[in-house]
Amino acid sequence: MSEVLVLIDALEGKVTKPSLELLTIARRIGEPSAVVFGAADTGVLAEYGAEKIYTFDDAAYSEYLVAPKADGVTQLVKEKSPAAVLVPSTTEGKEVAARVALRTESGLITDAVDVTVDGGTITTTQSVFAGNFTVAAQVTKGTPIIAVKPNSAAPEQASGAGAVEAVSAEVAEVSKTAKITSNKPKETSGRPELTEAAIVVSGGRGTGGDFSDVEALADALGAAVGASRAAVDSGWYPHTFQVGQTGKTVSPQLYIANGISGAIQHRAGMQTSKTIVAVNKDDEAPIFELVDFGVVGDLKQVLPQATEEIKKRKG
Amino acid sequence: MTKIVVAVKYVPDATADRTFEADNTVDRENVDGLLSELDEYAVEQALQVVEAGEGEVTVLTVGPADAADAVRKALQMGADSGVHVEDDAIAGSDAFATSLVLAKAIEKLEYDMVFFGMASTDGSMGVVPTLVAERLGLPAVTYASEVTVEGDTVKIRRDSDAATQEIEASGKVVVSVTDQTGEARYPSFKGIMAAKKKPVEEWTLADLGIDASEVGLDNAWTKVESYTPRPPRTAGEIITDEGDGGVKLVEFLASKKFV
Ligand SMILES: Cc1cc2nc3c(=O)[nH]c(=O)nc-3n(C[C@H](O)[C@H](O)[C@H](O)COP(=O)(O)OP(=O)(O)OC[C@H]3O[C@@H](n4cnc5c(N)ncnc54)[C@H](O)[C@@H]3O)c2cc1C
Ligand SMILES: Nc1ncnc2c1ncn2[C@@H]1O[C@H](COP(=O)(O)O)[C@@H](O)[C@H]1O
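From first to last, the protein sequence lines stand for chains A and B. Our numbering numbers the first residue of the first sequence as 1 and each following residue consecutively. Our numbering numbers the first residue of the second sequence as 1 and each following residue consecutively.
Keep in mind that the hints were calculated from the coordinates and are not lab data. For every residue, glycine included, the Cβ atom is placed at its ideal position computed from N, Cα and C. Honestly, I wouldn't trust all of these hints.
[Claimed, not checked] Some, not all, of what chain A presents toward chain B, calculated at C-beta under 8 Å:
hint: 1; residue: Thr91
hint: 2; residue: Thr104
hint: 3; residue: Leu108
hint: 4; residue: Phe129
hint: 5; residue: Ala163
hint: 6; residue: Val164
hint: 7; residue: Ala166
hint: 8; residue: Val167
hint: 9; residue: Ser168
hint: 10; residue: Ala169
hint: 11; residue: Thr275
hint: 12; residue: Val277
hint: 13; residue: Pro304
[Claimed, not checked] Pairs of lysine-lysine, DSSO-like flavour, derived with a Cα cap of 30 Å:
hint: 14; chain 1: A; residue 1: Lys281; chain 2: A; residue 2: Lys17
hint: 15; chain 1: B; residue 1: Lys104; chain 2: A; residue 2: Lys311
hint: 16; chain 1: B; residue 1: Lys155; chain 2: A; residue 2: Lys184
hint: 17; chain 1: A; residue 1: Lys312; chain 2: A; residue 2: Lys184
hint: 18; chain 1: A; residue 1: Lys176; chain 2: B; residue 2: Lys256
[Claimed, not checked] If you anchor each label on the Cβ, the simulated ranges turn out as follows:
hint: 19; chain 1: A; residue 1: Gly142; chain 2: B; residue 2: Asp207; range: 27 to 33 Å
hint: 20; chain 1: A; residue 1: Gly38; chain 2: B; residue 2: Gly171; range: 23 to 29 Å
hint: 21; chain 1: B; residue 1: Glu201; chain 2: A; residue 2: Asp283; range: 37 to 43 Å
hint: 22; chain 1: A; residue 1: Gly38; chain 2: B; residue 2: Leu109; range: 54 to 60 Å
hint: 23; chain 1: A; residue 1: Asp219; chain 2: B; residue 2: Ala91; range: 31 to 37 Å
hint: 24; chain 1: A; residue 1: Thr140; chain 2: B; residue 2: Thr164; range: 37 to 43 Å
hint: 25; chain 1: B; residue 1: Glu214; chain 2: A; residue 2: Ser62; range: 33 to 39 Å
hint: 26; chain 1: B; residue 1: Ser188; chain 2: A; residue 2: Lys312; range: 26 to 32 Å
hint: 27; chain 1: B; residue 1: Thr164; chain 2: A; residue 2: Gly38; range: 16 to 22 Å
hint: 28; chain 1: A; residue 1: Leu11; chain 2: B; residue 2: Asp207; range: 46 to 52 Å
hint: 29; chain 1: A; residue 1: Gln253; chain 2: B; residue 2: Gly182; range: 33 to 39 Å
hint: 30; chain 1: A; residue 1: Asp219; chain 2: B; residue 2: Lys257; range: 58 to 64 Å
hint: 31; chain 1: B; residue 1: Asp23; chain 2: A; residue 2: Lys311; range: 39 to 45 Å
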């Protein structure tokens, strides 16, 4: 079985859930080899099936943007001739992937939501045109390099050998030109991760700037909070929580849109949700075209009542 | 004097019914197109940089005849000149081929910086800026939510889920900007009139010394096997709040076992 390189994302050493999803997907193709820049919990990587773990350690990875990591991955691709390279479909993951693909003359697929293997042929699924179509695609040149979105698979444990191999790669001078002069980690909200949550409750311009009703309903349901770009642009909620074309794509079991009209760019980030509910005072709001259940009404009345009712039922 | 090239893409309108051609490429004929809204942010930032000092903005597009509209819109916003690379052989190109054409065209121009949108609104890979930087051997400061230029140094703020970073690079630099950089201006009447006299160059692959075998659908490094429309959603139940909308909502949630 051939190797599959998996670029691992870790926050202060803690391996992210999407990275574990990548290891799970990699096993459909071959033997996963985790690729780690800096620190990551190697035990977890082995528990989720990593046979090998390549670790790179160089100050350049945290001092310069992206390019030094591409130098490392390129070297591994050339040395190991893997069956595929999987990366998280984040801005950084996609940029590493693009550089590696160009240098190794390999095709690149971004934002895959599924990866299947049939007789050695790897086929990806992507959701395009604001989620209105799914597309099946294949890499036809070089090593398939695939950037995979979060939640594309359920992480499955599988004991891998987890053999750690420290590797070093030369960092090219040109890779040391975009200097990171400051790096401030973000605080977490304490709520579930937006892209991983089973339920997302979001608010738009219709909140008038007060997200407390949205947050209260979210907390009653154990949900993550999302926002439309109008709400983010108004400074009502941080950009990290924006759902849509230029924010996050979410596909939860339940999405509740409050005071959101349902513009195509917002739909792009949520219309593959399993169940969709909306509260909007305009009965002609396009969001109602998508819903399984809709309430035409003022969210300032409807949401607190719903939150109360949930608490009552929970006892 | 800062010379900025802004790469802009002509894309199918996202609010129209976008679809595909028989060869599985994006239908660019039957759907109205426009300057990608995400590239307007790049034009805006470039204009702000030259307005703060001295300079010139050249917009560059690679695309079919209609893509001239995207150039015109950017000129109306205030860019000084345009370059339109058009060649039948380019149709169906992937990000790698597009980045090759852009890189060769940029090399032919005089420039200090190259600005891009964060992603195209059709393909939306968000990799072309990085690929162009890679091809030109330039630093790439990408996904900027804020851009400041001091002399020949570009400083950006880059927001990810994990962190807020500040990044800087000097000399010739590739920059890509997000829609967090601030609203793009609308063309003024004066801008619209002035645009008519602004120079637009038209180049083909031959002008750039690129062989047809390096670009186009047949030479793409990936292929789309098939596309499937999303199944239509079955119409849901819509109620009007008569004082019990919140309770009814929870009853629905309970029926689906969410509560
Ligand atoms: C290139 C590009 C990218 C974009 N990316 C995104 C993106 O990622 N995400 C995104 O969301 N948008 C995005 N947009 C913006 C998008 O087009 C819309 O402008 C935006 O989604 C509108 O947000 P909204 O629905 O909150 O506001 P509006 O469209 O103003 O809708 C507000 C809604 O609230 C309702 N309302 C008002 N008061 C109440 C009340 N008291 N109770 C109940 N309902 C009420 C109104 O009836 C209305 O339907 C993008 C646009 C462009 C051009
Ligand atoms: N055909 C093109 N012509 C000019 N610029 C382009 C073209 N394609 C992509 N770009 C630029 O590259 C950015 C990212 O595109 P993409 O990687 O396709 O998402 C866009 O926002 C544009 O600035």
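The hints, checked one at a time:
no.	hint	verdict
1	Thr91	holds (5 Å)
2	Thr104	violated (11 Å)
3	Leu108	holds (7 Å)
4	Phe129	holds (4 Å)
5	Ala163	violated (28 Å)
6	Val164	violated (24 Å)
7	Ala166	violated (24 Å)
8	Val167	violated (22 Å)
9	Ser168	violated (22 Å)
10	Ala169	violated (16 Å)
11	Thr275	holds (6 Å)
12	Val277	holds (7 Å)
13	Pro304	holds (7 Å)
14	Lys281(A) x Lys17(A)	violated (37 Å)
15	Lys104(B) x Lys311(A)	violated (63 Å)
16	Lys155(B) x Lys184(A)	holds (16 Å)
17	Lys312(A) x Lys184(A)	violated (41 Å)
18	Lys176(A) x Lys256(B)	violated (53 Å)
19	Gly142(A) x Asp207(B): 27 to 33 Å	holds (29 Å)
20	Gly38(A) x Gly171(B): 23 to 29 Å	holds (28 Å)
21	Glu201(B) x Asp283(A): 37 to 43 Å	violated (52 Å)
22	Gly38(A) x Leu109(B): 54 to 60 Å	violated (38 Å)
23	Asp219(A) x Ala91(B): 31 to 37 Å	violated (52 Å)
24	Thr140(A) x Thr164(B): 37 to 43 Å	holds (39 Å)
25	Glu214(B) x Ser62(A): 33 to 39 Å	holds (36 Å)
26	Ser188(B) x Lys312(A): 26 to 32 Å	violated (57 Å)
27	Thr164(B) x Gly38(A): 16 to 22 Å	holds (18 Å)
28	Leu11(A) x Asp207(B): 46 to 52 Å	holds (48 Å)
29	Gln253(A) x Gly182(B): 33 to 39 Å	holds (36 Å)
30	Asp219(A) x Lys257(B): 58 to 64 Å	violated (19 Å)
31	Asp23(B) x Lys311(A): 39 to 45 Å	violated (56 Å)
Hint compliance for this structure: hints 2, 5, 6, 7, 8, 9, 10, 14, 15, 17, 18, 21, 22, 23, 26, 30 and 31 are not met, and every other hint is.
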